[in-house]
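Work out the full structure: start from the sequences and follow the hints.
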Amino acid sequence: MAIKQVERDLTFRERIYILEILKALRLTARHLFRNLFVHIAHRFGLLRRLRGGVTYQYPEERRPFSPRLRTLHRLTRRQDGSPRCVACMMCETVCPAHCIYIVGGEHPDPQIEKYPVRFDIDLGLCVFCGYCVEACPEDAIRMDTGKLEFSSYSREGLIHDLQELLSRSTTPPKR
Amino acid sequence: MPSLEINGQSIEVETGSNVLQAAEQLDIHVPRYCYHPGLSVAGSCRMCLVEIEKMPKLAISCHIQAQDGMKVSTESEKVKQARKSMLEFLLVNHPLDCPVCDQSGECDLQNYYMEVGQYDSRFLENKIKRRKAVPIGPHVILDQERCILCTRCTRFCNEISQSNELGVFNRGNRSVIDLAPAKTLDNPYSGNVIDICPVGALTEREFRFQCRVWYLSTQESICNGCSRGCNISIHYNTSLSYKAGGKRVQRLKPRLNPHVNRWWMCDEGRFGYEFIDHNRIESPQLRAVQGKLQTSDWEQVLQEVSTGLKTTLENFGPEGIGVIASPQLSNEELYLIRKIFAESMGVQEIGTRNPWEKEGFEDDFLIRGDKNPNSRGAEELGLNSDVKAILEKAASGKIKILYIFQHNFESPEAQEMLGQAGYVIFQGTNWNKTVEVSNAVLPGATYAEKDGTFTNFEGRLQRFQQALLPLSESKSDIEILSTLARKLGYPVTYLDAEEIFREWWGRTYQELEEFGELLNGQKR
Amino acid sequence: MEASITLKKIKEGFGNDVIEVDSPFQQDTVVIAPSALLPVATFLKEDPELQYNYLMDLTAVDYWKRKPRFEVVYHFLSVANSFRLRLKVPVAEPEPKVDSLTSLWPGANWYEREVYDMFGIQFTGHPDLRRILLYPEFEGHPLRKDYPIKRRQPLIGPKH
Amino acid sequence: MFLNVGPAHPATHGVIQIRTELDGEIVRKADVEIGYLHRAFEKHCEEATYTQCFPYSDRLNYVSPLISNFGFAAAVETLMDLQVPERCNYIRVILSEISRLTDHLTCIGASAMELGAFSVFLYMVKAREWLYELIESVTGARLTISYGRVGGVKADLPEGFEKECRAALKKTREVLKEVDELLTGNRIFYDRMRGVGVISARDAIAYGITGPFLRSTGEAYDVRKAFPYFVYDRFEFDVPVGEHGDNYSRYLVRMEEMQQSIRIIEQALDSLPEGPTNVDPEGEIIEPDLMSDLGKYGKTSGLLKNEVLIQPTLQGSEKRYHDRIAAPTKEAWLPPKEQVYSNIEALMNHFKIIMLGHGLRPPPGEVYFPVEGANGELGFYIVSDGTDRPWRVRCHPPCFPIMAALGSILEGDQMADIVPTFGSVNMIAGELDR
Amino acid sequence: MEYFIQFSKAFFIFNLVMGFMYILTWLERKQSALMQDRIGANRADILGFRLLGLFHPLADAIKLFTKEDFIPPGGNRLLHTLAPFVAMFFALISFAVIPFGGIYSLGGYSVSLQVLDLNVGLLFVFATMSMGIYGFVLAGWSSNNNYALLGSVRAASQMISYEITMGATIIGVLMIYETLNLQEMVLAQGETLWGWIPKWGIFLQPLGFILFATAAMAETKRVPFDIPEGESEIIGYFVEYSGMKFGMFLATDFIETVLAAALITTLFLGGWQVPFLGSDGFFFSGELWVALSSVTVMFLQVSAFLLKVSVLCVFMMLVRWTLPRFRWDHLMRLGWTIMLPLSILNILITALILLWIR
Amino acid sequence: MEIDFQGSLQTGFFTSRMDKMLGWARKYSIFQYPFVTACCGMEYMSTACSHYDIDRFGAGLPRFSPRQADVLFVVGTISQKLAPVLVQIYEQMCAPKWVVAFGVCTCTGGFYDNYATVTGIDHIVPVDIYIPGCPPRPETVLEGLMLLQKKMQNQKQEI
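Protein chains in written order, with our numbering: chain A, 1 to 175; chain B, 1 to 524; chain C, 1 to 160; chain D, 1 to 434; chain E, 1 to 358; chain F, 1 to 159.
Hints were generated in silico from the structure; no laboratory data involved. Just so you know, these numbers come straight off a predicted model, no measurement behind them. Just so you know, even glycine gets a beta-carbon here, dropped at the ideal spot from N, CA and C. Please note: incorrect hints may appear among the correct ones.
As the list claims (entries may be wrong) - Stretch-level coverage of chain A by chain E, calculated; a stretch enters the list once three of its residues show a Cβ under 8 Å from a Cβ in chain E:
hint, stretch
1, 28-41
2, 48-55
As the list claims (entries may be wrong) - From the structure, some residues in chain C lie toward chain F, with a derived Cβ separation under 10 Å:
hint, residue
3, A33
4, F43
5, L129
6, R130
7, L133
8, F138
9, G140
10, L155
11, I156
Structure below.
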């Protein structure tokens with residue numbers, strides 16, 4: 001087994017405080033002046049490619065995120081604009097937080113048969129595990145809106161109903 | 001008595017039984033679709049293939065009679081391969097319906113796919129389309145695409161209900177199950193075809209889309225629809241009560257009892273569970289002086305009732321009290337009523353039978369005319385005084401305080417008598433005509449909400465178990481009666497129905513036989 | 001199959017107290033009678049061939065409706081030999097009680113408090129057996145199977 | 001003087017109470033009270049299906065959630081006797097080590113912040129963000145990833161992951177160098193850490209302490225070496241050990257462990273096996289809604305050969321990657337979406353795995369599976385009764401024994417030393433209280 | 001007129017300090033942000049102007065003024081209210097003797113840019129600074145809170161021990177400049193050594209400078225010397241303060257930073273002196289000189305003073321955001337066993353050199 | 001900035017101006033008390049640190065004394081054992097004060113619906129803004145913070 005001894009003690013140079021402190025100051029000062037320089041350059045429209053610091057100026061500038069990121073839910077639509085969901089309750093079943101409420105109803109088209117009369121997601125419970133998306137056999141629920149803004153002043157505002165979830169999807173083009 | 005060997009285990013079976021049944025006795029499950037113990041053998045699904053030594057081909061175990069010296073294998077590679085292929089064949093035209101199919105979760109296609117299938121699909125053609133979601137009767141919806149043509153339903157209609165509504169039409173891969181011309185599936189046992197359908201081809205209209213079956217919990221119970229006492233399971237869902245408006249009991253399913261109902265039950269009983277969650281009395285009520293019923297609390301109502309009973313007993317003796325128990329109550333409750341009112345108070349006449357109740361529909365199979373589950377039990381307990389006489393006494397003022405359980409006295413005559421009665425206490429589950437004229441209302445629990453036993457018309461004592469908690473503020477009748485008795489000063493300390501049962505019957509519920517016991521005329 | 005030395009030695013030394021021996025997934029498991037817990041643990045710790053110097057984990061399982069109802073489960077580790085051992089002690093209702101291992105491993109202290117907190121199993125000889133994860137006002141033992149997960153208890157007032 | 005440190009104290013992360021008895025500034029007696037974040041993890045696991053346990057296991061050690069996620073998965077796999085694909089094991093190693101990095105970064109950063117070195121904290125969190133970006137690109141979430149599955153992982157690595165990963169590791173190394181420069185030789189820091197919070201190897205073992213805390217005392221026990229799991233035995237890495245068992249040793253051990261983690265990740269990236277891809281060259285890539293509609297209306301002609309343009313959040317779990325990341329069994333794993341949309345067999349399989357009471361059902365039995373968590377040995381003891389819900393899940397939390405020892409470690413030190421000592425424990429309340 | 005000049009000087013210095021304090025709070029945020037690769041506060045706007053977040057301190061001030069004032073139940077009402085005023089008052093009053101410019105003749109008057117030309121100026125500063133401790137001690141004591149008490153005890157002991165070091169360090173400076181008057185001290189630093197090195201304290205007393213700067217920073221109670229506050233340990237002596245009283249403590253911290261910077265500037269960095277700038281212009285060696293008007297010189301010199309103070313402030317911020325905090329006993333050890341002997345050594349060396357020179 | 005004419009007519013010009021100014025000051029000077037307990041703390045750190053930098057909104061100064069804090073950030077699961085502490089901290093805060101429920105555990109209890117946790121801190125303290133997410137990404141937090149600022153600006157200011 002490879003074992004590495006990492007123990008060390010301070011050298012005399014380090015023991016006298018001041019040199020190490022200056023070294024540390026040099027490091028932070030380097031950050032300070034580099035960023036200061038870049039910011040000033042930006043004021044004059046220069047060095048646009050360099051970033052002064054790493055901050056993303058949300059809300060004006062958003063951090064790019066991976067397409068896999070699970071964001072706010074949406075329900076997809078059929079070509080007639082109705083929800084693709086058939087109220088099979090897979091997502092409701094698999095949801096560890098029990099944040100999805102579905103009530104099914106009889107659809108006029110016997111090929112489809114079933115549709116959600118009610119479909120609520122309580123974001124106040126949702127843990128964004130993405131299980132609902134994985135469990136959906138109809139590609140009806142997705143978490144790819146890229147929307148991360150869903151704070152609310154009240155608990156009721158956290159419950160998103162069928163219409164709200166649908167409104168985040170567009171009707172797919174005719175094929 | 002042939003003796004045969006299945007998967008290396010030997011067993012002796014009765015003459016005439018088939019290999020599948022023999023395997024079942026050894027707890028070896030052989031997949032099957034068309035075979036049903038209560039129906040004739042069709043041998044059409046070919047899932048129950050087994051390998052029998054010295055037979056050239058695989059044999060369908062439901063059709064082969066067990067014979068002496070047979071060596072059967074249900075798990076050999078050949079068998080597995082055959083079942084897999086059979087399943088693949090059955091699924092060729094099966095639609096992608098699991099998301100909308102009510103059967104998924106209890107579907108044998110799904111089960112056997114995971115057990116014996118587990119292959120990747122190879123099907124590269126279009127599926128054949130057939131009719132979907134066709135209502136073929138008041139309770140049943142047919143989906144021809146999902147059907148695997150096992151013909152259990154047609155055999156049921158031919159052999160059990162003998163009404164011949166269903167049949168197989170067309171040939172080859174066009175063959176479908178359909179209604180016979182000019183018929184609808186409306187026999188009184190039509191619900192059973194839903195139970196026996198191994199796939200989602202026949203589904204229940206009432207249950208459709210109400211709840212996914214994997215949310216359901218089950219509890220063993222006894223149907224209280226008539227005095228047959230069919231064994232049933234209550235399928236209920238309490239975790240997702242926001243669905244279907246708080247409906248807890250989702251459906252009833254028959255449970256095998258070879259002595260009573262075998263595998264079947266009637267539609268009347270199957271769909272007669274609505275009262276459990278509907279029109280219930282949810283809290284105790286008291287009638288204000290010359291006024292309407294008002295919601296009250298248990299403490300207050302019981303106080304008033306016990307004071308009333310006590311003062312009547314003191315001033316007028318037991319003759320001042322009338323009790324009308326109900327054949328809807330369990331043996332334990334009736335026993336407790338007898339104990340409190342007859343034995344402790346000395347009330348002489350306790351009636352149960354509603355004299356205005358007419359005999360209902362009756363047939364020679366399951367349905368009985370007496371729509372009460374425990375008339376026989378009440379009789380055996382000796383609570384069979386004349387109700388009409390009690391009511392008359394109440395109307396004439398001889399009986400000051402009248403304690404009615406559960407009964408709905410709708411007839412004008414009874415209404416009139418009740419109107420003249422002094423003080424009426426009602427203990428029951430649902431709002432009805434009697435409640436309207438009562439002074440104190442104690443909400444009791446339905447049979448799904450309590451433990452107990454019923455005695456059916458032939459004297460078979462059968463146990464039912466609690467599935468649900470009493471709705472809202474209602475309480476089990478035993479609890480109400482015990483509390484009342486304690487308030488009256490009688491030492492009644494039963495905690496649950498089982499204690500009463502032990503006192504009455506002398507045995508625990510566990511010791512009661514699985515399919516119930518006949519009374520054999522012993523009186524207790 | 002080297003690890004089975006442990007099993008062999010335990011069987012030799014405590015034959016009468018061993019209820020069951022098993023190795024599911026190559027994990028040695030011994031079920032012993034509660035009375036033999038301390039001697040077996042001491043033996044495991046001190047035997048020069050075994051050297052189970054670690055009490056890695058101590059927990060309990062509630063096999064509701066089975067008798068005896070509880071099982072206290074110990075996981076030992078011998079760093080020197082890379083052995084692991086699971087030791088199980090059945091504990092019966094109504095007063096579940098086991099000997100404490102705090103005298104051998106001070107680390108057992110908190111584990112035992114946790115088991116007491118969650119299952120209500122008493123450890124005789126424990127220096128300070130009180131609740132650890134829950135507050136003293138809590139009634140019942142939540143990891144018992146008959147404690148419903150959602151049964152809440154009244155909020156306690158500010159006490160800090 | 002009695003002084004209550006916590007639970008609402010800046011250094012105790014809000015969930016610990018240390019009741020101290022002070023003599024001037026010297027701690028005479030310290031009594032540690034835990035349980036402020038008890039969330040009934042074990043009870044929840046008994047109520048949830050095996051799949052539903054994963055989100056709960058994420059939140060055990062929320063600083064390195066991937067490790068506990070994979071630990072739980074591996075335990076259930078042992079119970080079910082599943083073999084996961086090679087590539088999946090490599091992915092697990094890579095992500096576990098990234099998780100270990102994030103954990104140590106947070107730990108050292110936070111304890112430095114509590115010592116007043118605020119910039120160090122921000123630098124380290126900055127590095128952590130880059131690693132979070134990596135984790136996000138694989139798992140679809142930064143922290144609570146729900147990525148492990150019984151029999152594999154949720155999705156394959158995205159394209160270009162290797163390059164991004166190497167770049168992020170390079171930047172992380174730079175940050176580590178900066179932090180090293182800021183702290184290691186700084187005498188103020190050294191004085192505060194050296195000789196403080198000392199524990200001997202003997203005591204550490206007696207308390208059952210593992211992980212960096214143990215290794216700082218000179219014991220070299222590491223689950224990855226002693227009981228190699230996944231594919232850890234294929235990589236070369238050192239187990240860093242200290243000598244004094246004090247805060248400074250722990251700091252050094254953690255710093256070195258990060259270097260070793262980077263080393264492991266780089267080796268794993270070098271030798272990452274490709275694994276099989278199942279692509280049928282005849283098929284075309286079509287939209288998911290079209291595919292699912294074709295399936296629903298029975299127009300399945302040739303549909304099997306097509307691939308689906310899978311929605312972004314499920315990327316990496318398509319049919320072509322499926323065998324790379326999932327154990328080849330239908331009992332534990334959701335079939336790929338293409339199959340679910342296009343044929344009844346996979347659809348039924350899909351349903352059987354998700355439906356309550358059907359799902360994943362390990363045979364009755366019990367198993368204890370240890371992994372090297374960021375704080376030490378993280379063990380899952382699972383008892384199965386054959387249903388789709390575990391009968392009992394026990395998580396052996398690595399910081400529990402450390403916290404048990406904390407009281408005695410603190411005694412005799414200064415009041416101000418509570419902060420760095422507590423910081424060096426890297427107490428994660430989620431796994432401590434569960 | 002005397003009074004007017006005196007008043008306007010006081011007014012000027014007061015506003016200067018307050019302005020400095022304001023800018024410093026802003027600077028602290030922005031500088032730390034840049035050091036940490038961030039942006040820092042920049043959202044507060046007035047009529048759409050954001051000015052790099054300059055309005056954030058204003059918002060802080062308004063908010064603190066209107067926040068509920070709280071006096072802890074078991075505490076002493078009077079002392080609790082008094083404490084922040086004491087602390088702030090003594091920090092402010094020290095500026096009276098700091099010369100922020102030379103002596104100029106303006107409109108016939110000879111104006112010394114120093115509010116109070118005290119011949120024991122340095123002692124005055126020390127006196128006020130030690131008085132300032134009372135503010136912190138009172139705050140901690142009157143809060144009836146263990147943490148606050150710990151904080152104030154720490155504050156007292158830390159201040160006392162570092163004041164001694166400071167005092168001892170100063171002696172070296174005093175021996176060189178032979179005065180206690182700060183203005184004279186600065187004037188003395190206007191000379192040059194060997195014609196090209198300004199005769200600033202830092203060059204004459206390098207060790208003294210380091211020791212004094214350290215001690216002065218310790219007096220400001222900021223990281224790495226923020227033991228009385230020790231945010232993550234004991235939160236601080238002001239734990240029970242809210243609203244503007246707490247704001248005053250915050251402000252006092254910044255004022256003390258400015259004070260420390262001003263003192264260091266005055267004692268070691270030549271105060272308002274600009275190298276080679278005499279009262280009538282730049283004078284370089286030999287023939288090279290640039291004539292400047294008196295007002296320009298004043299402007300340059302005052303700016304030089306402010307610049308030096310600002311640079312020192314920036315430096316102190318740099319230190320504050322770089323280093324970890326000392327432990328209480330390490331700080332004491334540093335103060336008593338390292339810095340005090342060193343400062344005495346410094347006196348000795350200075351004395352020896354002075355003896356040798358003369 | 002929208003001007004509420006109705007409001008200004010009713011309350012008078014000065015008060016409305018005053019209100020506006022105070023609202024402005026309060027929203028850009030948020031001294032927060034981070035009551036950090038659990039997982040969400042990690043994202044809270046991220047929000048505070050370089051990549052997101054909550055200080056841009058003037059909320060960068062955490063005060064660990066509730067007396068000095070304006071906004072109580074309740075970050076992470078609150079258990080029944082911890083609830084009294086939270087209540088006490090809230091009561092110790094000086095007016096005006098706001099409470100942010102950070103993460104689903106504080107909003108509603110999240111999926112920790114069990115014997116040990118409080119299902120939503122609004123049962124014990126009033127909540128001004130709910131930021132769901134488990135844990136919320138920093139973007140969500142910042143948006144929540146901006147909503148809170150809006151609320152601070154528009155509400156009736158009390159002195």
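Results of checking the hints against the structure:
no. : hint  : in the structure
1   : 28-41 : holds (count 7)
2   : 48-55 : holds (count 4)
3   : A33   : violated, 33 Å
4   : F43   : violated, 38 Å
5   : L129  : violated, 18 Å
6   : R130  : violated, 14 Å
7   : L133  : holds, 8 Å
8   : F138  : holds, 8 Å
9   : G140  : holds, 8 Å
10  : L155  : holds, 6 Å
11  : I156  : holds, 6 Å
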